[in-house]
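Colleague: Letter by letter, the chains look like this.
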Amino acid sequence: MPLSVNSLNYFYMTGTPFEVQALKDVSLTITDGEFVGIIGHTGCGKSTLIQLMAGLLKPASGTVEVEGEDINASGYDRKRLRRTVGVVFQYPEYQLFEETVGKDVAFGPLKAGMTEAEAEKNVDTALELVGFEPAKIKSLSPFDLSGGQKRKVAIAGVLAMDPQILILDEPIAGLDPLGREQFMQLVRKLNDCGVTIIMISHNMDGLADYASRIIAMDHGEIYADGTPKEVFADLGRLKKVGLGASESREAAAMLKNCGWNLPDDIIKKDELVAAILKHKEDGKC
Amino acid sequence: MLKNITLGQYFPGDTVVHRLDPRIKILVALLFLVAVFVVRTMWGFLALALLFTLIIALAKIGPVTILRSIRPLLFIIIFTFVLNILFYSGQTIYWQWGFLTISKEGIEKAVFIAIRLVLLIVATSLLTLTTSPMQLTDGMESLLSPLKKIKFPVHEMAMMMSIAMRFIPTLVEETDRIMKAQTARGAEFDSGNLLKKAKNMIPLLVPLFVGAFKRADELALAMESRCYHGDEGRTRMKVLHLKRMDVWALILMLAVSILFMVFL
Numbered sequence: 001m002p003l004s005v006n007s008l009n010y011f012y013m014t015g016t017p018f019e020v021q022a023l024k025d026v027s028l029t030i031t032d033g034e035f036v037g038i039i040g041h042t043g044c045g046k047s048t049l050i051q052l053m054a055g056l057l058k059p060a061s062g063t064v065e066v067e068g069e070d071i072n073a074s075g076y077d078r079k080r081l082r083r084t085v086g087v088v089f090q091y092p093e094y095q096l097f098e099e100t101v102g103k104d105v106a107f108g109p110l111k112a113g114m115t116e117a118e119a120e121k122n123v124d125t126a127l128e129l130v131g132f133e134p135a136k137i138k139s140l141s142p143f144d145l146s147g148g149q150k151r152k153v154a155i156a157g158v159l160a161m162d163p164q165i166l167i168l169d170e171p172i173a174g175l176d177p178l179g180r181e182q183f184m185q186l187v188r189k190l191n192d193c194g195v196t197i198i199m200i201s202h203n204m205d206g207l208a209d210y211a212s213r214i215i216a217m218d219h220g221e222i223y224a225d226g227t228p229k230e231v232f233a234d235l236g237r238l239k240k241v242g243l244g245a246s247e248s249r250e251a252a253a254m255l256k257n258c259g260w261n262l263p264d265d266i267i268k269k270d271e272l273v274a275a276i277l278k279h280k281e282d283g284k285c
Numbered sequence: 001m002l003k004n005i006t007l008g009q010y011f012p013g014d015t016v017v018h019r020l021d022p023r024i025k026i027l028v029a030l031l032f033l034v035a036v037f038v039v040r041t042m043w044g045f046l047a048l049a050l051l052f053t054l055i056i057a058l059a060k061i062g063p064v065t066i067l068r069s070i071r072p073l074l075f076i077i078i079f080t081f082v083l084n085i086l087f088y089s090g091q092t093i094y095w096q097w098g099f100l101t102i103s104k105e106g107i108e109k110a111v112f113i114a115i116r117l118v119l120l121i122v123a124t125s126l127l128t129l130t131t132s133p134m135q136l137t138d139g140m141e142s143l144l145s146p147l148k149k150i151k152f153p154v155h156e157m158a159m160m161m162s163i164a165m166r167f168i169p170t171l172v173e174e175t176d177r178i179m180k181a182q183t184a185r186g187a188e189f190d191s192g193n194l195l196k197k198a199k200n201m202i203p204l205l206v207p208l209f210v211g212a213f214k215r216a217d218e219l220a221l222a223m224e225s226r227c228y229h230g231d232e233g234r235t236r237m238k239v240l241h242l243k244r245m246d247v248w249a250l251i252l253m254l255a256v257s258i259l260f261m262v263f264l
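For the record, the sequence lines run as chains R and P.
Here the first sequence stands for residues 1 to 285, where the numbers follow full-length UniProt numbering.
Here the second sequence stands for residues 1 to 264, where the numbers follow full-length UniProt numbering.
Hints listed in this document are in silico derivations from the structure and should not be mistaken for laboratory results.
Hints are not guaranteed to be accurate.
[What the hints assert, rightly or not] For each label pair, taking beta carbons as the anchor points, the in silico distance ranges come out as:
| id | chain 1 | residue 1 | chain 2 | residue 2 | range |
| --- | --- | --- | --- | --- | --- |
| 1 | R | Gly147 | P | Pro72 | 37 to 43 Å |
| 2 | R | Thr42 | P | Lys196 | 35 to 41 Å |
| 3 | P | Pro153 | R | Ser74 | 52 to 58 Å |
| 4 | P | Gly13 | R | Thr42 | 24 to 30 Å |
| 5 | P | Met161 | R | Glu133 | 45 to 51 Å |
| 6 | R | Asp234 | P | Phe209 | 45 to 51 Å |
| 7 | P | Pro72 | R | Thr125 | 47 to 53 Å |
| 8 | R | Phe18 | P | Asp217 | 30 to 36 Å |
| 9 | R | Thr125 | P | Met161 | 47 to 53 Å |
[Unchecked claim] Quick list of in silico lysine to any residue cross-link-like pairs, SDA-like style, CA-CA up to 20 Å:
| id | chain 1 | residue 1 | chain 2 | residue 2 |
| --- | --- | --- | --- | --- |
| 10 | R | Lys239 | R | Asp265 |
| 11 | R | Lys269 | R | Gln182 |
| 12 | P | Lys196 | R | Leu110 |
| 13 | P | Lys180 | R | Ser47 |
| 14 | R | Lys280 | R | Asn257 |
| 15 | P | Lys214 | R | Gln149 |
| 16 | P | Lys197 | R | Leu110 |
| 17 | R | Lys111 | P | Asn193 |
| 18 | R | Lys111 | P | Lys197 |
| 19 | P | Lys180 | R | Leu110 |
| 20 | R | Lys103 | P | Leu204 |
| 21 | P | Lys199 | R | Gly113 |
| 22 | P | Lys180 | R | Leu81 |
| 23 | R | Lys138 | R | Glu98 |
| 24 | R | Lys79 | P | Lys180 |
| 25 | P | Lys180 | P | Ile202 |
| 26 | P | Lys214 | R | Asp144 |
| 27 | R | Lys111 | P | Met201 |
| 28 | P | Lys214 | R | Glu99 |
| 29 | P | Lys199 | R | Tyr94 |
| 30 | R | Lys256 | R | Asp282 |
| 31 | R | Lys111 | P | Lys180 |
| 32 | R | Lys79 | P | Leu204 |
| 33 | R | Lys103 | R | Leu145 |
| 34 | P | Lys199 | R | Glu98 |
| 35 | R | Lys189 | R | Ser212 |
| 36 | P | Lys214 | R | Phe143 |
| 37 | P | Lys214 | R | Gly174 |
| 38 | P | Lys180 | R | Asn72 |
| 39 | R | Lys79 | P | Gly186 |
| 40 | P | Lys60 | R | Glu19 |
It should be emphasised that the depicted structure is a prediction, and the values quoted were computed from it without experimental measurement.
Ideal placement from N, C-alpha and C gives every residue a C-beta, glycine not left out.
Please put together the full structure from these sequences, using the hints given.
Modeller: Rendered as structure tokens:
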């Protein structure tokens, strides 16, 4: 299910002295099965971009197309869009509202027009995916759970709609290291099953490990777009707009500054370790 | 969608009017309100309208902004206008049907009241457009401080007002966020009949209230851990100082308004 945006423009606070252009003529295409990481400092327009992609905002000009159909055209089936494109916002735990976890997770699927039985099945699958035993948790109140559990339930609520494209806005903010790792594993699992992932994140290490493509944004424009290796290669250019690369890439750059002969395409820990070992074997240190 | 609600409609700027002490501005606004009620002739209204226009120009507020502030009350203005025309029984009657009459006096009265309402709104908007909500509460607190003598909790009221105002944008933002999150899950907020609409609000209201209570709790804790204990011995970051400009503005406006009230 390819998703493409064409010359998108968007403004906040139109017609007041506070008017800002959040997106300037942004165009990009995301093909099936990609794992796209979107990076950029606060206020660069990344959240606006994903909200436009999900049809939650209307662009000032330009189009958003899912499967080649303009989602803002009159007569477009919004229900289908909601089923196709799932969105997990920052701190999704604040969107829980039902009496029980089961009901809350079933909210999306039922709204999307599934039958009770279908929804029930999807709820169980989604809860299992995020690491719960459905039978145990379904009857609990979501407000009695811990923060991390709440977030998982909220994410299950989106996954239960069985989206083909999953948009995530800084989903791991505030999670502990183990929670982060588990979450990234889950996202990768979904990606392996063919779900297109679009994820905003400040965690460059996570993106270096999992993303197949990284889009860097600055002041409402696309600043860099390519594989993690390509985007992270030019560290100086990233630093110019307040961004950085994965820790391994930064460490490799520092070693290179000290005279080590390391390539610019080291972005993961194991790559860095392998390069250092190789350097050692060559007897240069 | 919700981003367009401007609270207290403050319109930032750096003009003479913006820089005036909020206390002076509140007093002058009150003065204007009195003047609008006391003035009885068309000339008086014209003079007040001219005065307001002058201040609007000084504050560099666009005419559109002023008109926009009248819009929410347009219905009330038109409603009272029509009521006054139809129900006021005057001497010179143009048209009559049952208890409905249109008379010369009725039309005059209706026009007067409509103008009064518009001028009232403009006068108060002048205050709220050029004074930030925080300045407004500070000014109020300072003006009402004599009431502390009779144990009226002026400071607490002002603090409650500032907190409420401070959190309105936060709540609006939160509402917007939750609405979007639930919309993405297929919730619809603007379809169906009244009962259905009310039911559709549940996915929005429950998280909103949970969040608001949590935030109130956290705020109370944060305030207490910084030793907040009310008014006694509390100093301010921005102390209000009357400048010469403020005094002159007050004297000038007082003189002009009294002139209008006596002669027009």
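Colleague: Indicate, hint by hint, whether the structure satisfies it.
Modeller: Each hint tested on the structure:
no. : hint                              : result
1   : Gly147(R) - Pro72(P): 37 to 43 Å  : holds (41 Å)
2   : Thr42(R) - Lys196(P): 35 to 41 Å  : holds (38 Å)
3   : Pro153(P) - Ser74(R): 52 to 58 Å  : holds (55 Å)
4   : Gly13(P) - Thr42(R): 24 to 30 Å   : holds (27 Å)
5   : Met161(P) - Glu133(R): 45 to 51 Å : holds (49 Å)
6   : Asp234(R) - Phe209(P): 45 to 51 Å : holds (48 Å)
7   : Pro72(P) - Thr125(R): 47 to 53 Å  : holds (49 Å)
8   : Phe18(R) - Asp217(P): 30 to 36 Å  : holds (31 Å)
9   : Thr125(R) - Met161(P): 47 to 53 Å : holds (50 Å)
10  : Lys239(R) - Asp265(R)             : holds (17 Å)
11  : Lys269(R) - Gln182(R)             : holds (18 Å)
12  : Lys196(P) - Leu110(R)             : holds (16 Å)
13  : Lys180(P) - Ser47(R)              : holds (12 Å)
14  : Lys280(R) - Asn257(R)             : holds (17 Å)
15  : Lys214(P) - Gln149(R)             : holds (18 Å)
16  : Lys197(P) - Leu110(R)             : holds (17 Å)
17  : Lys111(R) - Asn193(P)             : holds (17 Å)
18  : Lys111(R) - Lys197(P)             : holds (14 Å)
19  : Lys180(P) - Leu110(R)             : holds (18 Å)
20  : Lys103(R) - Leu204(P)             : holds (15 Å)
21  : Lys199(P) - Gly113(R)             : holds (18 Å)
22  : Lys180(P) - Leu81(R)              : holds (14 Å)
23  : Lys138(R) - Glu98(R)              : holds (11 Å)
24  : Lys79(R) - Lys180(P)              : holds (14 Å)
25  : Lys180(P) - Ile202(P)             : holds (14 Å)
26  : Lys214(P) - Asp144(R)             : holds (14 Å)
27  : Lys111(R) - Met201(P)             : holds (14 Å)
28  : Lys214(P) - Glu99(R)              : holds (18 Å)
29  : Lys199(P) - Tyr94(R)              : holds (19 Å)
30  : Lys256(R) - Asp282(R)             : holds (16 Å)
31  : Lys111(R) - Lys180(P)             : holds (15 Å)
32  : Lys79(R) - Leu204(P)              : holds (19 Å)
33  : Lys103(R) - Leu145(R)             : holds (15 Å)
34  : Lys199(P) - Glu98(R)              : holds (12 Å)
35  : Lys189(R) - Ser212(R)             : holds (14 Å)
36  : Lys214(P) - Phe143(R)             : holds (12 Å)
37  : Lys214(P) - Gly174(R)             : holds (17 Å)
38  : Lys180(P) - Asn72(R)              : holds (16 Å)
39  : Lys79(R) - Gly186(P)              : holds (7 Å)
40  : Lys60(P) - Glu19(R)               : holds (18 Å)
Comparing the model with each numbered hint stated earlier shows that all of them hold.
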